[in-house]
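**Student:** Protein chains in written order, with the working numbering: chain H, 1 to 194; chain D, 1 to 210.
Don't read these hints as lab results, they were simulated from the structure. Bear in mind the structure is a predicted one, so any value in this text is a computation, not a measurement. Note that CB positions come from ideal geometry on N, CA and C, so glycine has one too. Please note: incorrect hints may appear among the correct ones.
[Said to hold, decoys possible] Short derived list, chain D residues pointing at chain H, Cβ under 10 Å: (1) G65; (2) I69; (3) T84; (4) T87; (5) D90; (6) A92; (7) I93; (8) A95; (9) A103; (10) F107; (11) V180; (12) G185; (13) F186; (14) L194; (15) W198; (16) F199.
[Unchecked claim] Calculated Cβ distances over 10 Å to all of chain D for the following chain H residues: (17) C28; (18) E90; (19) K95; (20) F101; (21) F131; (22) S174; (23) F188.
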Amino acid sequence: MPTESLSFIFLNAALSNNFVLALFLGLCPFLGVSGKLETAFPMGIATSFVILVSSILAFATNWILTTLEIEFLRLISYIVIIASAVQLVEMTMKKYSPGLFRALGIYLPLITTNCAVLGVALLQTFKSYGFLQSLFYALGAGVGFTFAILLMAGLRERLQLADLPTPARGAAISLMLGGLLSLAFMGFAGLGAH
Amino acid sequence: MSHKIDTRISWDTFLEGLWRENPVFVMMLGMCPTLAVTNSAINALSMGLATTFVLTASGFLVALGRNLIPSQVRIATFIVIIATFVTMVDYAIQAISLTLYNALGAFIQLIVVNCIILGRAEAYASKHRPMKSVVNAAGMGVGFTLALLCLGVVREILGAGSLFGINLFGANYEPWVVMVLPPGGFIVLGGWLLLFEWFKQRKEQRLLVK
Numbered sequence: 001m002p003t004e005s006l007s008f009i010f011l012n013a014a015l016s017n018n019f020v021l022a023l024f025l026g027l028c029p030f031l032g033v034s035g036k037l038e039t040a041f042p043m044g045i046a047t048s049f050v051i052l053v054s055s056i057l058a059f060a061t062n063w064i065l066t067t068l069e070i071e072f073l074r075l076i077s078y079i080v081i082i083a084s085a086v087q088l089v090e091m092t093m094k095k096y097s098p099g100l101f102r103a104l105g106i107y108l109p110l111i112t113t114n115c116a117v118l119g120v121a122l123l124q125t126f127k128s129y130g131f132l133q134s135l136f137y138a139l140g141a142g143v144g145f146t147f148a149i150l151l152m153a154g155l156r157e158r159l160q161l162a163d164l165p166t167p168a169r170g171a172a173i174s175l176m177l178g179g180l181l182s183l184a185f186m187g188f189a190g191l192g193a194h
Numbered sequence: 001m002s003h004k005i006d007t008r009i010s011w012d013t014f015l016e017g018l019w020r021e022n023p024v025f026v027m028m029l030g031m032c033p034t035l036a037v038t039n040s041a042i043n044a045l046s047m048g049l050a051t052t053f054v055l056t057a058s059g060f061l062v063a064l065g066r067n068l069i070p071s072q073v074r075i076a077t078f079i080v081i082i083a084t085f086v087t088m089v090d091y092a093i094q095a096i097s098l099t100l101y102n103a104l105g106a107f108i109q110l111i112v113v114n115c116i117i118l119g120r121a122e123a124y125a126s127k128h129r130p131m132k133s134v135v136n137a138a139g140m141g142v143g144f145t146l147a148l149l150c151l152g153v154v155r156e157i158l159g160a161g162s163l164f165g166i167n168l169f170g171a172n173y174e175p176w177v178v179m180v181l182p183p184g185g186f187i188v189l190g191g192w193l194l195l196f197e198w199f200k201q202r203k204e205q206r207l208l209v210k
């Protein structure tokens, strides 16, 4: 188990190695759902929650798989866990908060194919984090994802008023903005130095 | 199904994925590996080939079992099929080249959640005959590989002054390092999209003038 402190792991996942802007995980919702602030925020929260649940489940599964020495099943088990976690979140939300459930609509089941979720599960295994470390890693990843998607949504709302040349409208300018945000986040790299 | 599906295999089946429905430039799918592993041309090429293999193999298997898989559990079945092939690729790359394996990192296993593969399984392979699905999947795979190469080549030339590891400009070239770092991926892809959109609009305007 690596000796990194919990606060370092959290900050590393949220800022200096931001999941979206530095590791390129979870780009599809980052580009697809960042048009408006009011959909971007619940999307960030729901994804963070799935990341957290599946990270805990993945930790337990990895322990079982390692004990039984059947690590080659890791990828298949993780993806099944994530799909079930998304289903769980969907059912809980439907029961206790139907309003939010309707607002998120199709985006909820699509969290299954969000690479950030599988990314957290795989990376915490590669880095052989302990339970608490995995938990903080997952929390940081969720916060980082929400932060990035909110920043992007805010920028894109303003961009609608800008006078852009026609070919640049849509995807091209969003990617350029992503590049600039990513450049800004590189500045956080100094946080990693001791 | 009410309408009859064309079972013939033509060049169009293959070429569809190459240009008209190019997964990266037109459909904007599979963004994560597109941006993450294209910091050098060789990484881009191997990622493209690995994805093509998974795409073709899973397309074949899904098309073969398309009448056996109950529609309620189809997504889960598809993803387990895909995950099996990805595990195979993962172990194969680890055996062939450890340097490449370390360079691609978690992104080999993340092929599972590449939306292109699940998208093709759901939208194409589950409705067509095995051979036709394979041809279409191969076309999509080649289209994806070409798109990755477009990014990888530009980023490696600008960011490291080399191509496939061969130095191009000599010792005096000052590499534009940011291009091989994360921001470069966003900016280069944005640039390519801008270029294609500009060409498309110019062509449309010419047609209007005529």
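**Student:** Now tell me, hint by hint, if it's right for this structure.
**Tutor:** Status of each hint after checking the structure:
1. Hint on D/G65 is violated. Least Cβ distance to chain H is approximately 17 Å, over the 10 Å limit.
2. Hint status for D/I69 relative to chain H: violated, with the closest Cβ pair at about 16 Å, above 10 Å.
3. Checking D/T84 against chain H by beta carbon gives a least distance of about 7 Å; that is within 10 Å, so the hint holds.
4. For the restraint placing D/T87 at the interface with chain H, the shortest Cβ-Cβ distance is roughly 5 Å, inside the 10 Å limit, so the hint holds.
5. Checking D/D90 against chain H by beta carbon gives a least distance of about 7 Å; that is within 10 Å, so the hint holds.
6. The criterion of a C-beta within 10 Å of any C-beta in chain H is not met by D/A92, whose closest approach is roughly 13 Å, and the hint is violated.
7. Interface hint at D/I93: violated, since its Cβ lies 14 Å from the closest Cβ of chain H, which is beyond the 10 Å cut-off.
8. A distance limit of 10 Å between C-beta atoms decides the matter here; for D/A95 the minimum to chain H is near 13 Å, and the interface restraint is violated.
9. The closest approach between the C-beta of D/A103 and any C-beta of chain H is roughly 14 Å, which is over the 10 Å cut-off, so the hint fails.
10. Because the beta carbon of D/F107 sits about 9 Å from the nearest beta carbon in chain H, less than 10 Å, this interface hint is met.
11. Hint status for D/V180: violated, given a least beta-carbon distance of 13 Å to chain H, over 10 Å.
12. Interface hint status for D/G185: upheld, as the beta-carbon distance to the closest one in chain H is roughly 7 Å, under 10 Å.
13. The restraint placing D/F186 at the interface with chain H holds, with a minimum CB-CB distance near 3 Å, inside the 10 Å limit.
14. Checking D/L194 against chain H by beta carbon gives a least distance of about 4 Å; that is within 10 Å, so the hint holds.
15. Because the smallest distance between the Cβ of D/W198 and any Cβ of chain H comes to about 4 Å, under 10 Å, the interface hint for this residue holds.
16. The beta carbon of D/F199 is positioned within 10 Å of a beta carbon in chain H (closest approach about 9 Å), and the interface hint is therefore held.
17. The beta carbon of H/C28 is not kept farther than 10 Å from every beta carbon of chain D, the shortest such distance being approximately 6 Å.
18. Look at H/E90: its CB is around 14 Å from the nearest CB on chain D, clear of 10 Å, so calling it non-interface holds up.
19. Listed as a non-interface residue, H/K95 keeps its Cβ farther than 10 Å from every Cβ of chain D; the least gap is roughly 21 Å.
20. With a least CB separation of 19 Å from chain D, H/F101 remains clear of the 10 Å interface cut-off, as annotated.
21. The beta carbon of H/F131 sits about 20 Å from the closest Cβ of chain D, which is more than 10 Å, so the claim that it is off the interface holds.
22. Non-interface status of H/S174 relative to chain D is broken: a Cβ of that chain comes within 10 Å, the nearest being about 8 Å off.
23. Under the 10 Å C-beta cut-off, the non-interface status given to H/F188 relative to chain D holds; the minimum distance is some 12 Å.
Of the numbered hints given earlier, the model fails hints 1, 2, 6, 7, 8, 9, 11, 17 and 22; all others are met.
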